[in-house]
Amino acid sequence: MSKASEKAKEPLFHIAKRPSMPMWKSWLIRIAAIAAALIVCAAIVVMLTDLNPIEVYVSMFNGAFGSKRKIWSLLQNIAILLCISLAVTPAFKMRFWNIGAEGQVLAGCLATAACMILIGDKLPSPVLILIMVIASIAAGALWSVIPAFFKANWNTNETLFTLMMNYVAIQLVSFFITIWENPKGSASIGIINMNSQAGWFPSLFGQKYLINIIIVAVLTVLMYIYLKYSKHGYEIAVVGESENTARYVGMNVKKVIIRTAALSGALCGVAGLLLVAGTDHTMSTETAGGQGFTAIMVSWLAKFNPLLMIFTSFLIVFLEKGASEIAMAFRLNESIADILTGIILFFIIGCEFFVNYQIIFNKKHKEGK
Amino acid sequence: MNSYPALELKKITKRFGSIVANKDVDLTVRRGEILSILGENGSGKTTLMNMISGIYYPDDGQIFIDGREVVIKSPRDAFKYKIGMIHQHFKLVDVFSAAENIVLGLSKEDSPTIKEASERVRKISEKYGFDIDPEKKIYRMSVSEKQTVEIIKVLFRGADILILDEPTAVLTPQETQKLFSVLRTMRDDGKAIIIITHKLHEVLSLSDRVAVLRKGEYINTVVTAETNEAELTEMMVGKKITLDIDRSEPKNTQDRLIINNINCLSREGIKLLDNVSFTAKGGEILGIAGIAGSGQRELLEAIAGLQRLESGEINYIDPNTGKTENLKDKTPLQIRDLGVRLSFVPEDRLGMGLVGNMDIAENMMLRSYRKGKSMFLERKKPKTLAETIIEQLEVVTPGVSTPVRKLSGGNVQKVLVGREISSSPTVLMAAYPVRGLDINSSYMIYNLLNRQKENGVAVIFVGEDLDVLLELCDRILVIGAGRVTGIVDARTAKKEEIGLLMTKTDGGAA
Amino acid sequence: MMFASIATFIQRAVVQGIPLLFGSTGEMITEKSGNLNLGIPGIMYVGGVSGVIGAFFYERSTDNINAFLAVIIPLLAAIAGSALMAFIYSFLTITLRANQNVTGLALTIFGEGVGNFFGGSLANLFGEGGSIAMTATSNIFRTPFPFADKLGAFGKIFFSYGFLAYSAIVVSLFAAWYLNRTRSGLHLRSVGESPSTADAAGINVTKYKYLATCIGGAIAGLGGLYYIMDYTSGVWTNGAFGDRGWLAIALVIFALWKPNVGILGSILFGGLYIVYLFIPGLSRSSQELFKMLPYVVTIFVLIIVSMRKKREYQPPQSLGLSYFREER
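Chains as they are written, first to last, in the numbering used here: chain E, 1 to 369; chain B, 1001 to 1510; chain W, 2001 to 2328.
These are computed hints drawn from the structure, not numbers from a lab.
Careful, some of the hints might be misleading.
In silico DSBU-like pairs for lysine-lysine, Cα to Cα no more than 30 Å straight-line [said to hold, decoys possible]:
no.	chain 1	residue 1	chain 2	residue 2
1	E	K254	B	K1146
2	B	K1371	B	K1323
3	B	K1146	W	K2310
4	W	K2150	B	K1137
5	E	K254	B	K1371
6	W	K2207	W	K2258
7	B	K1373	B	K1406
8	E	K303	E	K228
9	E	K254	W	K2310
10	B	K1371	B	K1383
11	B	K1108	W	K2207
12	B	K1108	B	K1199
13	E	K254	W	K2309
14	B	K1115	W	K2207
Some chain B residues flagged as far from chain E (calculated, every beta-carbon gap over 12 Å) [unchecked claim]:
no.	residue
15	I1114
16	K1115
17	S1125
18	T1185
19	I1270
20	P1319
21	D1337
22	D1348
23	L1500
Where chain W lies over chain B, by a calculated footprint (3+ residues, C-beta under 8 Å) [claimed, not checked]:
no.	region
24	1071–1085
25	1090–1098
Note that beta-carbon positions come from the ideal geometry of N, C-alpha and C, so glycine has one too.
Let the sequences and hints guide you as you build the complete structure.
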């Protein structure tokens, strides 16, 4: 009986699910979110450095596009991030939360490096590269099929399993680094086949990254077609939406899960190949550099659409490059890039709410009293 | 006594997107009475009650408790006004014990310890004759035990306005009678009781007054003693209808499916199907009647290759070759590869039969996408099929590329049934195909099933409304607790006879 | 001799395990509310660096270090910093109903950035060789029981730690008691199991989720603080904290969402983490293989638990899902 007598008060507003929203409107919201995020980022940088915000943006832009070399390196970074993002996409579309891309990429790196080191001098270059391709794909696929196998058969939590597999891969790489150490005691393997360049991807038109970029461009188109037009892509979508429906129409859900995870891992393996044979020509536990996690953002931001991922991966790489330029130019710590990336991600993640829900303000209706 | 009604609603409106679930609904409940809320599936009964219990918040309208206007923003507010609701889908935490579930949400002052709560639960159980172990975990309980926990939960809180949402759907007649006598006792204690149902005889035997909803709108409230079944039906469905389903005599029936002693266990080892045997014939509709959850779903899923069986045979006789195939332990794909054209309209339309986020054309592909050797999808034919179904079954949709989850229930069902029929099946199984549909859509479905029967298809129809079963089917198989309790001729059988068979759950064991 | 080295091993395992214990207890409380916070690694970074900042400013502001203030300032800073991080996560996932996995990963990126930025900047400006030492503060944090070294191996195993280590165990025991023995703990668990049930029972789901996530975050942040102030003797080096945050999440699974099991689990994990140092004759390469152990063990637990399917051993049923009351 205590407070039942309080006057009827209506809440100011309540939240309801939006029936649907036109495409352009939802993209407008997302663009507005990115703009808001950039303003907040600039404010933070200005606070830390006392610069005017225009200068900050100019130097970000310089960091990404300032010179020919920077543009190539930007494109190269986009290619790798995009490749990993493409890799995680089919798994995510199937609601298989593969956060083990990091480990799968490392597995690919390891297989590639192993081929280059162990048989690099014994085989002609085309054969060697072919073996490297196969080995890296197999290694990446294996790293993702193990959790998928348990997920398919016993519904073992794949988020946590793939996460753990990352660290198993990292330790495995550390193990082989101590074995292949060069020079001894340096705890790194140095540039592999420095003199013979065996297993290195060739330069095209004098551009050493061009081949990576072309490969990823082709993969992007293929992945788009695969997901949108192939029977496999359809099965992935159905399993992701409702396993029950998939089973009802006679899909072999286990097979689809394992096959899709294998594809996902295989592409991560390719990313590892591109990193070792096409870019770094060496390997460390940092080779993947957290991109396995960033790729999840790229894929998710693009709504799992491979073509849109070109833009989202560009956005993320641009931010990182720009932020590290700011860091350099204004003698800040490089980690500012992570902070800014984080803030922008928060805004983009948060803005989805306004796409999916609406806030309804309650109108008063007590004229009678 | 208080002259105000316990609860009064004025012009309550609730929309979900473009769908109006409740429109300007008025309602009054007094203390010491049982009010039935009657309406077809989808008439907005549950939505309305959810607003009283604080689950939904109304877009418009006023709620009065004892004559005072109140705002119910959350279930906590509802408790404050001593409103308790027993949801149709139980609100219980599976890994908790009964007692833990009962004290959930209560502060220490309301019930100091779990132990003390258990004691009070025992007392309430004794008073009303419930048989419940407060320490038992919910996931080990049967459906009716779970409902008992829900009822005790509300009594424990001392609610004096009780709402029960379709409480008898999962109960045996004995359990239903017991529940009713409990409700009568509570009424005599001066509680206000609201019971949601669409079963007329329950309304008539239990309630003091009846409020009728139709398509989200409030129709009228009448005193039970002054009304009858015909008048209520008319209020509920709008115009006076006699079920008049065009039933043709079965012609050239031939055995299509011979089910032999099939058995099926749940993960906990409970028998879901117990030595079920029957024959379904091409050219007739075999109805399946039973209380919800008596094994209907498992039976259909077993035939469709979705349910593992312990033992038994499912023999399919091909109408063209006369060859017999045993479908037991075959996957849906293997069944199809044998040339068995089996169509299945499952109970869970959007969770199993269709993919809600895909459009109509893409949903057509579910059955046909495998055709052809190409690794790419053929999109043209499904699209044509979608357009045909939209046209022939009068599906109301903005277009073929609208996600099916955005369609209304009846239209979703038309898409599903349309697809299943399009593959010219030899066996067609449909589980509750008219649940939640309006009268017109329901009749369209009945006619589609009848046409299939006339084409020589073996139709298996799982239904809940006995009147429909009696008028639509040729034979009716009655299932009780996973066991076949009888097979009757639908043309001669009486409703009471089937009702009796449905409840024959423990007699057969001896 | 043998016994002495076992005692040393146990003592080192405990020291290794304490950050994980804080992290996993915090994550368990969070997960019990249905939130899978993959931002815990980032939160632990922030907890660590907030403590460093607090200590740094206090150490510079006075010549005469007061033990109480030297402890309480970094402690409050760490709690505030990490709770704020958890609040960002809560706002995004609870109020805005964003995807939990994506939000958590973004939070980890952000948190490691914050940690390395502020820690690294301090180190650049005031430290040397890329790190900065809070020695005076750390000495207070590391004060063991005075009688510890009089008790030999026994004292080493049980009494040689700083107060935060004991707090970690107390916090875990308290969390276990809270979750299993209190009404509010029952309510919290129901939120994680079935928010719609909790909601219908009148429990404020949003409040519980916010509180559990923020308090859980604050507890996890103490793990970062312990690592800096006790384990590394007050030295911040960028990246040194490594993957301990993820290991803490692994520990949650290993301990089957039971904080009291987490205590033993953390010591076991700590032991597995350093066991390579105590096995004589290991080459550097095989040491790397031994470092794999905690992860491999977690994978095995994960597999076995999923095969056993025992209801009591499963994660909270609505873990990872956001709740919207009017969902239809």
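Going down the list of hints, with the structure as the test:
1. E:K254 x B:K1146: This hinted pair is violated, its Cα atoms lying about 34 Å apart.
2. B:K1371 x B:K1323: At roughly 24 Å apart (the allowed maximum being 30 Å), K1323 of chain B and K1371 of chain B satisfy the hint.
3. B:K1146 x W:K2310: Answer holds: K1146 of chain B to K2310 of chain W is near 21 Å, not above 30 Å.
4. W:K2150 x B:K1137: violated, 51 Å
5. E:K254 x B:K1371: holds, 21 Å
6. W:K2207 x W:K2258: Distance of about 22 Å is within 30 Å: holds.
7. B:K1373 x B:K1406: Violated, at roughly 33 Å.
8. E:K303 x E:K228: Holds, at about 13 Å.
9. E:K254 x W:K2310: holds, 22 Å
10. B:K1371 x B:K1383: holds, 15 Å
11. B:K1108 x W:K2207: holds, 18 Å
12. B:K1108 x B:K1199: Violated, at roughly 40 Å.
13. E:K254 x W:K2309: holds, 18 Å
14. B:K1115 x W:K2207: holds, 27 Å
15. I1114: holds, 26 Å
16. K1115: Its Cβ never comes within 12 Å of chain E, the nearest being 27 Å, so this holds.
17. S1125: holds, 28 Å
18. T1185: Consistent with the label, T1185 of chain B stays out of reach of chain E, its closest Cβ about 25 Å off (over 12 Å).
19. I1270: holds, 21 Å
20. P1319: holds, 22 Å
21. D1337: Label violated. Min Cβ-Cβ 9 Å, cutoff 12 Å.
22. D1348: Since the minimum Cβ distance to chain E is about 7 Å, D1348 of chain B lies within 12 Å and the statement is violated.
23. L1500: holds, 34 Å
24. 1071–1085: holds (count 6)
25. 1090–1098: With 6 residues closer than 8 Å to chain W, the region 1090–1098 of chain B meets the three-residue bar; holds.
The structure shown violates the earlier hints numbered 1, 4, 7, 12, 21, 22.
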